[in-house]
Each structure stands twice: as structure tokens, then as C-alpha cells.
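A.B. asks: Each chain is listed here by its residues.
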Amino acid sequence: MEKYIVELEHITKSFPGVLALNDVAFNLKAGEVLALLGENGAGKSTLMKILSGVYEKDSGSIKIFGKEIDDMNPKKAQELGVAIIHQELNMCAHLTVAQNIFLGREKIHSGVLAAKKMNMEAKKILDNLNINIDPETIVGDLPVSKQQMVEIAKALSINAKILIMDEPTSALTSKEINDLFVIIKKLRSEGCGIVYISHRLEELEHIVDRVTILRDGEYITSMDLQETTLAKIISHMVGREIKEKFPRVDCERGEKIFEVRNLNAGKMVRDINIDLYAGEIVGIAGLMGAGRTETTRAIFGIDPKESGEIILDGKSVKVEKPIDAIKLGIVLAPEDRKKDGLCTKLSIRDNISLPNLDVLCNKLGVVNKKKEKDMTKKAVDDLRIKLPNSEVDAGSLSGGNQQKVVIGKWLVRNSRVVIFDEPTRGIDVAAKVEIYNLMNELKQQGIGVLFVSSEMPEVLGISDRIIVMCDGRITGELRTEEATQDEILQYATSFEKKVDNGANA
Amino acid sequence: MIMTKNKGELTMGNDKQNAFKRIMAIRGMGQVITVAFGLIVLCIVFGIINPTFFSSKNIGNLLRQIAPILIIGIGQSYVLITGNIDLSIGSVVGMSCMISATLMTKGVNPLVAVFITIICCLIVGVLNGELVAKCKLPPFIATLGTMTIARGIAQIVNNNYNTDSIGDGAKVFRNFFYYGKTMGLYNTIWIAIVLWIVFNFILSKTRTGRHIYAIGSNIEASKLSGVNTSVTTIKVYVVSAICACTVGLVTTATSGMGTMDAGNSYEMYAVAASVIGGVSTLGGQGILLGTVIGASIWGVLQNGLQFAGAPVAIRNIIIGIIVVVSVLLDVVVRTGKPRKSRVN
Numbered sequence: 001m002e003k004y005i006v007e008l009e010h011i012t013k014s015f016p017g018v019l020a021l022n023d024v025a026f027n028l029k030a031g032e033v034l035a036l037l038g039e040n041g042a043g044k045s046t047l048m049k050i051l052s053g054v055y056e057k058d059s060g061s062i063k064i065f066g067k068e069i070d071d072m073n074p075k076k077a078q079e080l081g082v083a084i085i086h087q088e089l090n091m092c093a094h095l096t097v098a099q100n101i102f103l104g105r106e107k108i109h110s111g112v113l114a115a116k117k118m119n120m121e122a123k124k125i126l127d128n129l130n131i132n133i134d135p136e137t138i139v140g141d142l143p144v145s146k147q148q149m150v151e152i153a154k155a156l157s158i159n160a161k162i163l164i165m166d167e168p169t170s171a172l173t174s175k176e177i178n179d180l181f182v183i184i185k186k187l188r189s190e191g192c193g194i195v196y197i198s199h200r201l202e203e204l205e206h207i208v209d210r211v212t213i214l215r216d217g218e219y220i221t222s223m224d225l226q227e228t229t230l231a232k233i234i235s236h237m238v239g240r241e242i243k244e245k246f247p248r249v250d251c252e253r254g255e256k257i258f259e260v261r262n263l264n265a266g267k268m269v270r271d272i273n274i275d276l277y278a279g280e281i282v283g284i285a286g287l288m289g290a291g292r293t294e295t296t297r298a299i300f301g302i303d304p305k306e307s308g309e310i311i312l313d314g315k316s317v318k319v320e321k322p323i324d325a326i327k328l329g330i331v332l333a334p335e336d337r338k339k340d341g342l343c344t345k346l347s348i349r350d351n352i353s354l355p356n357l358d359v360l361c362n363k364l365g366v367v368n369k370k371k372e373k374d375m376t377k378k379a380v381d382d383l384r385i386k387l388p389n390s391e392v393d394a395g396s397l398s399g400g401n402q403q404k405v406v407i408g409k410w411l412v413r414n415s416r417v418v419i420f421d422e423p424t425r426g427i428d429v430a431a432k433v434e435i436y437n438l439m440n441e442l443k444q445q446g447i448g449v450l451f452v453s454s455e456m457p458e459v460l461g462i463s464d465r466i467i468v469m470c471d472g473r474i475t476g477e478l479r480t481e482e483a484t485q486d487e488i489l490q491y492a493t494s495f496e497k498k499v500d501n502g503a504n505a
Numbered sequence: 001m002i003m004t005k006n007k008g009e010l011t012m013g014n015d016k017q018n019a020f021k022r023i024m025a026i027r028g029m030g031q032v033i034t035v036a037f038g039l040i041v042l043c044i045v046f047g048i049i050n051p052t053f054f055s056s057k058n059i060g061n062l063l064r065q066i067a068p069i070l071i072i073g074i075g076q077s078y079v080l081i082t083g084n085i086d087l088s089i090g091s092v093v094g095m096s097c098m099i100s101a102t103l104m105t106k107g108v109n110p111l112v113a114v115f116i117t118i119i120c121c122l123i124v125g126v127l128n129g130e131l132v133a134k135c136k137l138p139p140f141i142a143t144l145g146t147m148t149i150a151r152g153i154a155q156i157v158n159n160n161y162n163t164d165s166i167g168d169g170a171k172v173f174r175n176f177f178y179y180g181k182t183m184g185l186y187n188t189i190w191i192a193i194v195l196w197i198v199f200n201f202i203l204s205k206t207r208t209g210r211h212i213y214a215i216g217s218n219i220e221a222s223k224l225s226g227v228n229t230s231v232t233t234i235k236v237y238v239v240s241a242i243c244a245c246t247v248g249l250v251t252t253a254t255s256g257m258g259t260m261d262a263g264n265s266y267e268m269y270a271v272a273a274s275v276i277g278g279v280s281t282l283g284g285q286g287i288l289l290g291t292v293i294g295a296s297i298w299g300v301l302q303n304g305l306q307f308a309g310a311p312v313a314i315r316n317i318i319i320g321i322i323v324v325v326s327v328l329l330d331v332v333v334r335t336g337k338p339r340k341s342r343v344n
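Protein sequences, first through last, are from chains A and B. Under the UniProt record's numbering, read the first sequence as residues 1 to 505, first letter to last. Under the UniProt record's numbering, read the second sequence as residues 1 to 344, first letter to last.
Some chain B residues judged to face chain A by a derived CB distance under 8 Å, without partners named:
| # | residue |
| --- | --- |
| 1 | 27 |
| 2 | 205 |
| 3 | 207 |
| 4 | 208 |
| 5 | 217 |
| 6 | 224 |
| 7 | 228 |
| 8 | 285 |
Derived pair list, reagent style DSS-like, types lysine-lysine, alpha-carbon separation capped at 30 Å:
| # | chain 1 | residue 1 | chain 2 | residue 2 |
| --- | --- | --- | --- | --- |
| 9 | A | 386 | B | 205 |
| 10 | A | 186 | A | 146 |
| 11 | A | 305 | B | 134 |
| 12 | B | 134 | A | 321 |
| 13 | B | 223 | A | 377 |
| 14 | B | 21 | A | 378 |
| 15 | B | 223 | B | 136 |
| 16 | B | 21 | A | 370 |
| 17 | A | 305 | A | 318 |
| 18 | A | 75 | A | 49 |
| 19 | A | 321 | B | 136 |
| 20 | A | 318 | B | 223 |
| 21 | B | 223 | A | 315 |
| 22 | A | 371 | B | 21 |
| 23 | A | 338 | B | 134 |
| 24 | B | 223 | A | 256 |
| 25 | A | 371 | B | 223 |
| 26 | B | 223 | A | 373 |
| 27 | A | 327 | B | 205 |
| 28 | B | 136 | A | 345 |
| 29 | A | 339 | B | 136 |
| 30 | A | 327 | B | 136 |
| 31 | B | 134 | A | 318 |
| 32 | A | 321 | B | 205 |
| 33 | A | 186 | A | 232 |
| 34 | A | 345 | B | 134 |
| 35 | A | 363 | A | 373 |
| 36 | A | 432 | B | 223 |
| 37 | B | 223 | A | 305 |
| 38 | A | 373 | A | 339 |
Calculated directly from the structure, the hints in this document are not laboratory data. Positions of the beta carbon are idealized from the N, C-alpha and C atoms, including for glycine.
Taking the hints into account, I'd like the entire structure generated from these sequences.
C.D. replies: Below, the structure written as C-alpha cells:
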């Protein structure tokens with residue numbers, strides 16, 4: 001049996017309120033490419049962050065090259081030859097390729113930087129990988145794919161033997177992917193162990209030797225790719241137990257309220273068509289980066305639309321800015337509370353009244369305090385927001401209550417369509433159920449509810465109809481009664497083929 | 001304890017208590033009260049060093065010294081609360097001073113001169129706002145540019161000379177902005193009070209005021225809530241320019257002539273008055289009552305140190321230290337400890 005260069009056993013890691021990894025095992029051989037697979041939130045990134053020393057494990061053991069390492073940190077990991085290439089590249093865009101490669105360990109010659117020597121060495125490393133880049137180019141001027149190659153070169157220049165790549169192909173074109181695969185194969189033949197994280201299952205057969213699957217923070221299985229099929233892999237990835245109870249309300253489906261026709265806005269929103277009827281909740285499922293948030297942003301008028309039509313109650317409407325949408329009664333509770341949803345330094349009252357000042361002010365623009373107080377009270381009572389008083393900073397509330405404020409500020413005005421983007425992310429189970437109930441209430445009132453979520457059980461549990469997105473396109477639409485998790489994941493990974501079958505055989 | 005038992009009998013007390021509670025519930029009030037306490041201590045100290053500090057003549061002068069700092073402080077506070085900064089204030093003061101004085105020495109009716117001056121300053125304010133809101137320039141750079149431009153205009157209007165005396169014809173003008181008194185208070189003080197009341201009302205009671213706080217706290221969330229962030233940003237820079245313009249007119253009235261370097265480094269005095277009074281340079285926080293206290297501390301220090309016989313250099317050093325310490329204290333109070341450098 002070949003020797004493992006990485007052995008992780010019984011790894012457990014919890015964050016406040018979440019058990020991210022539970023007794024996970026993981027191993028990697030020299031000279032193999034291993035795909036680490038799992039749905040959003042399965043624990044892939046957390047596991048790799050533990051291996052590269054970014055997070056500390058709660059318990060378990062880490063062995064690298066047979067040696068037990070107890071106090072892993074990023075520096076130590078680097079010394080041991082573990083390198084991680086993140087999805088978002090970590091480079092100084094204003095420096096040259098060589099400067100980036102030698103960042104933090106610059107070579108000095110009689111007190112000054114030995115620029116020539118570093119350029120030459122960088123060139124050598126790049127040549128070794130058959131990467132044709134001048135080491136004196138500014139990194140920011142290179143295309144993303146080349147930048148990624150520089151990052152790989154940087155990792156190898158510190159003698160990385162264990163290379164972790166997180167979604168390396170998501171920003172690449174097919175030609176670039178092929179180049180990357182050539183490099184990966186070269187590294188494999190030189191004895192590196194490579195962990196490859198990707199949602200693009202169709203890529204696996206081209207480079208991967210073995211797959212390890214995680215689900216809900218637990219180790220599921222490891223198999224040689226030869227001995228398995230894509231269908232099997234998918235069924236291992238899903239099949240999450242639906243632990244939570246989802247409150248369901250059945251409603252008569254009413255008339256069509258809202259339509260999106262042929263909406264285009266950048267790379268992540270391509271030819272989107274959505275219909276929304278009164279008395280139903282439509283869930284938008286998909287993997288991270290499928291373009292769901294971008295779609296909601298384009299509909300709401302935050303990002304400019306290239307083409308397409310928004311139709312409300314049968315009439316074509318113009319939505320160029322959020323204020324247009326709000327006036328029409330289309331509202332959005334955004335994904336990132338802290339960034340897009342709340343003014344954390346302002347009071348809860350201020351936050352709730354902010355989008356409703358048109359209702360609260362007289363003609364001179366003076367705020368009617370009484371109306372404002374009543375509105376705040378109504379929102380707090382309706383949503384059962386728990387707070388000491390409505391004057392405290394919104395930032396001081398718990399995640400669930402913050403989310404309720406973000407939603408509450410929209411529900412005190414009369415809306416026609418409410419769009420929720422990941423409304424239950426990072427909040428506890430009790431608060432989740434309250435938000436589901438709220439969505440059901442809206443549905444009963446005949447308000448259109450559009451709901452983006454990465455949690456498959458939630459999508460299946462709450463929506464009446466499911467739209468699946470992948471790569472900025474709608475790849476499937478299902479009625480909830482007929483939908484299965486396997487089917488959704490199948491649609492969610494229907495990437496446009498970037499790699500020709502057989503091109504790399 | 002007794003209060004709770006005898007609820008019915010103590011309604012009067014409760015009313016008072018409620019009023020007190022309501023005032024204390026205003027955001028940022030706690031900090032303002034702390035700083036106000038510091039102001040009182042300062043006054044007492046200066047009074048002990050030199051009892052004439054409390055003479056009615058000096059109090060009158062002191063208030064007249066505070067007034068211009070308060071006026072530019074209001075403008076800068078508006079801008080700071082949106083999370084931006086206005087460095088052009090001092091130059092706009094100079095520009096306003098030179099334009100109004102030059103016009104009046106040329107025999108233009110003071111009323112017309114004031115009107116033209118206001119228009120010129122408004123243009124600078126709108127330009128600042130456009131550069132920051134529409135062209136997305138960092139506010140520091142945008143207003144650094146307009147600061148230099150406005151100073152250049154101040155120099156060019158009278159061919160690089162200070163003006164002659166604005167003459168007797170402008171007596172009404174000088175009385176209105178500086179020498180005259182209304183109900184026992186100098187007019188300059190009244191101007192500051194009126195501006196404060198108006199702008200405090202706008203900031204605390206109106207839709208525009210809410211928008212100012214909101215974009216300072218989280219500009220993305222504000223946009224998503226339908227706030228027109230560009231218009232709001234332009235508004236605050238216009239307010240700042242109007243305030244600076246007013247101070248420029250006061251300066252002309254004071255000296256009876258136009259001086260090209262009038263208002264030099266006033267933008268920093270304005271930042272100091274705001275920040276001492278609890279306005280956060282990061283935006284979203286602060287009230288104009290704080291700016292009053294901040295401007296007062298500034299004025300009292302200047303005036304008191306002068307009375308105590310401290311030379312200018314020492315005054316500058318002490319005031320500089322007070323600005324830094326007051327902000328540091330604020331950070332300590334808010335977070336419990338000064339920011340620690342990260343230990344690796």
C-alpha cells in the first residue's frame with residue numbers, strides 16, 4: 001500500500017452554534033489528485049482550512065508525512081509544504097509576478113533587493129511549469145487564469161508537496177482549464193498530492209483519481225473514480241436528512257403577479273425567465289456562485305440590466321433603481337445583512353423607518369414621530385423581534401433578530417412581491433421557523449414570494465415551485481411534490497461543458 | 001423604591017423623570033454630557049487662574065469667538081456624519097471674505113455682494129458633492145482639490161492683494177454680521193444660534209437628516225432601502241459651503257476688509273470641534289449639540305489660555321493634545337480598551 005502523506009483522523013470543529021465538522025477522516029497519497037466533494041456547507045473549506053492551519057481543530061489528529069502535528073498554524077503548514085490556493089486570489093495586484101512570488105522572503109544582496117536574481121529564479125519556476133509569463137509583468141495586468149498560475153508557481157516555489165485548490169476553474173475558459181490540467185498532471189507525476197475542490201462534476205473524470213465526499217460536516221465515503229459513477233457521487237452528496245420541521249401552508253394558486261422576461265445583466269444573469277403567482281412561494285436553488293443573488297439584484301434595480309422586461313400585474317414596468325422597485329411594491333431582503341441590509345450603528349427604529357420615510361414624513365419632509373413609533377411597534381410585534389427597546393443599535397441584536405429587522409422594514413409597507421435572499425443564513429432554528437411562518441403568511445395574503453436559498457431541505461420544505469440555477473442560467477424548474485434532492489443537484493451542476501470529452505485523454 | 005410604591009402621588013416627578021429619560025435616550029447624548037462636564041471643569045480652572053475670565057465683557061467676546069467655529073463645525077459635522085470629509089471649508093471662508101470685500105470696495109450694494117458671494121460658495125459645495133457622489137472620488141482628494149482652487153480664487157479676485165477698507169457704506173453689513181447687538185447678544189452669536197437651530201432641526205427631525213445618518217452608517221443598505229445617496233451627499237457639501245460662506249462674511253465684517261488667507265486651516269478647526277463633540281469621522285454617529293460643546297471647548301481653550309498668559313505656541317500644543325486625548329478617550333469608553341496591535 002502506498003504511503004499517505006496527509007492523514008486526518010477524528011477531526012471535529014465547531015463554531016458558535018454550528019458543528020462544522022464531526023469526526024471527519026481524510027487522507028491523501030503522494031502523486032494523486034483527490035477531489036473533495038460536498039454541497040454548500042458540507043465542511044470542505046473548513047477541513048482544508050484546518051489542514052492549512054487557518055483554523056484550529058477542536059479535536060482529532062493531523063499527520064503530515066507520517067508525523068503528528070499538534071499545533072498547526074499557517075506558517076508551520078507552509079514549512080511542511082502545505083499550500084492552499086483560494087478561490088479568490090491573494091496577490092498584490094500592483095506588484096510584478098516575481099515580486100509576488102518572493103513576497104515576504106525577498107532575496108537580499110548586500111543590503112538591497114536582488115531583483116535580477118529573483119526575476120531569474122521566478123522565470124525558472126515558471127518555465128518548469130511550462131507557464132509562459134514574463135516575471136516582470138504586473139500581476140494586475142494578467143488575466144485571472146494567468147494570475148492563478150502565478151499563485152501555483154508561488155506555492156511551488158516554497159516547495160509545496162501538498163497543494164489544495166479551491167474551485168480553481170470557476171473563472172477560467174476552456175483553453176485555460178486545459179492548461180491548468182496539464183500543470184496539475186505534471187505536478188502529480190512529480191509526486192505532489194493535490195486536493196481539488198470543485199462543483200463542476202463533469203471535470204472530475206479528466207484529472208481526478210479519487211474522490212472523498214463530505215455531507216453536513218460528516219465524512220461519507222472515499223472511492224476511486226474508476227469504480228464509481230456520477231450518479232452515485234451525487235446521491236452520496238445529497239440525501240441530507242431533513243431534520244427541521246417545515247411549516248407548510250397550502251394555498252389556492254391565484255393569478256400571475258410578477259414576471260421576469262429574458263433578463264440579462266452581466267455574466268451571472270443570462271436570459272432569466274421567472275413567473276410568480278399569488279399564493280405560492282418560489283424557491284431559487286443552486287450552488288454558491290450560480291448567479292442567484294445577482295439575479296435578485298438585477299430585478300431590484302441595484303445592478304444595471306442589459307436587456308429584459310419586468311412585468312407586474314400584467315403591466316411592463318421600469319425598474320432602474322431600487323427606489324423604482326420599492327415604489328412599485330417589489331422589495332428585497334438582501335443576502336448579507338451586515339453589508340447590504342442594516343445600518344448597524346443606527347437604532348432599530350431608524351432602520352425600520354428608513355425605506356418608509358415617504359409614508360412617515362409630511363410634505364416638508366419632517367418625520368412624524370408618532371407614526372414612526374407606531375410603525376416600529378407594529379414591525380416589532382408582528383415579527384416578534386426580541387429587543388430591550390427600539391432605540392438600541394441594530395448591530396447589538398442576535399443574527400435572527402437582525403434578520404427580522406431587515407425583513408420587518410419591508411413588511412410594514414404594502415408590497416406586491418417580496419424577494420428573500422438567503423433569509424435564514426446564520427440564524428438559529430427557532431428564528432428560522434419564525435421566518436418560514438412569515439413567508440407563509442405573505443403567501444396567504446396573496447403576496448408573491450421569491451426565495452433564494454442554498455439549503456436544499458429548506459427549498460424543498462418551503463417552496464411550492466423550485467427554479468434551479470447554474471452559471472447564471474436557469475437549468476431546471478420543478479414542482480416541489482415531484483422534486484428530489486438528487487434532481488436539484490443534477491440541475492445545479494449542469495455547467496456548460498467547458499472541457500471537451502477526450503481532449504485530454 | 002418609594003417612587004414605585006407611591007406611583008399615583010408622584011406623577012409630577014415622573015413627568016420630569018420622563019423628560020430626563022427622553023433626553024438621555026437621544027443617541028450620543030451620554031457622550032455629549034461627558035464632554036460638557038469637561039467644558040465646565042475647563043471654565044472653572046480658567047476662572048480660578050484669572051477671575052476676569054468670567055467678566056461679562058469676556059463672556060461676550062468668548063461667545064463671539066466660539067460662533068464662527070460652531071458655524072463651520074455644523075457644516076463639517078454634516079459631512080462627517082455621512083462618512084465623508086470637507087477640506088475646502090477654510091478656503092471657502094477665504095473666498096467668501098475676498099469676494100464680498102472686493103465687491104463692496106468696488107461700490108456694489110452690500111446686499112447684492114452677499115448674494116453673489118453665497119452663489120459662488122454654493123458652486124464650490126455642489127462641485128464637492130458631485131465629485132464625491134457622482135465621480136466617486138475619495139472625499140479627501142476631491143476636497144483637497146477644491147480647497148486649493150477656492151484659495152486660488154480668493155487670491156485672484158483682487159489681483160493677489162488684500163482689499164482696502166470696505167468703507168462706510170458697508171456699515172449696515174458690518175453691524176449685521178459682527179458689531180451689532182440684538183437683545184444684548186452680538187449678532188454673530190445670533191447667526192450661529194439660528195443656523196444651529198435650523199440645521200439641528202433638519203438633521204434630527206427630517207427625512208434628509210435620516211438619510212444623512214443612514215448613508216454614513218451603511219451606504220449599500222441605504223441604497224437598497226431606496227435612499228438617493230448622491231443627492232444626500234451633495235446636500236451635505238452644500239450645507240458645509242453655506243456655513244463656510246457665512247463665516248467668511250463674518251470675517252469681512254470683523255476686519256472691514258478682505259484678507260486672502262482668511263479662514264486658513266479652519267477646516268481642521270471644524271473637524272476638531274465636531275470630533276471633540278462626539279461626531280465620528282467614520283460616519284453615522286454624532287449630534288449637533290456635541291458640536292456646540294466641541295466648538296465651545298475650542299473657544300474656551302483659546303480664550304482661557306490667552307488670559308492665562310500662555311504664548312501662542314503653547315496654546316497650539318495644548319489644544320492639539322486635547323483633540324487627540326478626547327478622541328482616544330471616546331475610543332476607550334466605547335470599546336473598553338485602546339486598540340491593541342495584533343500580537344503574532
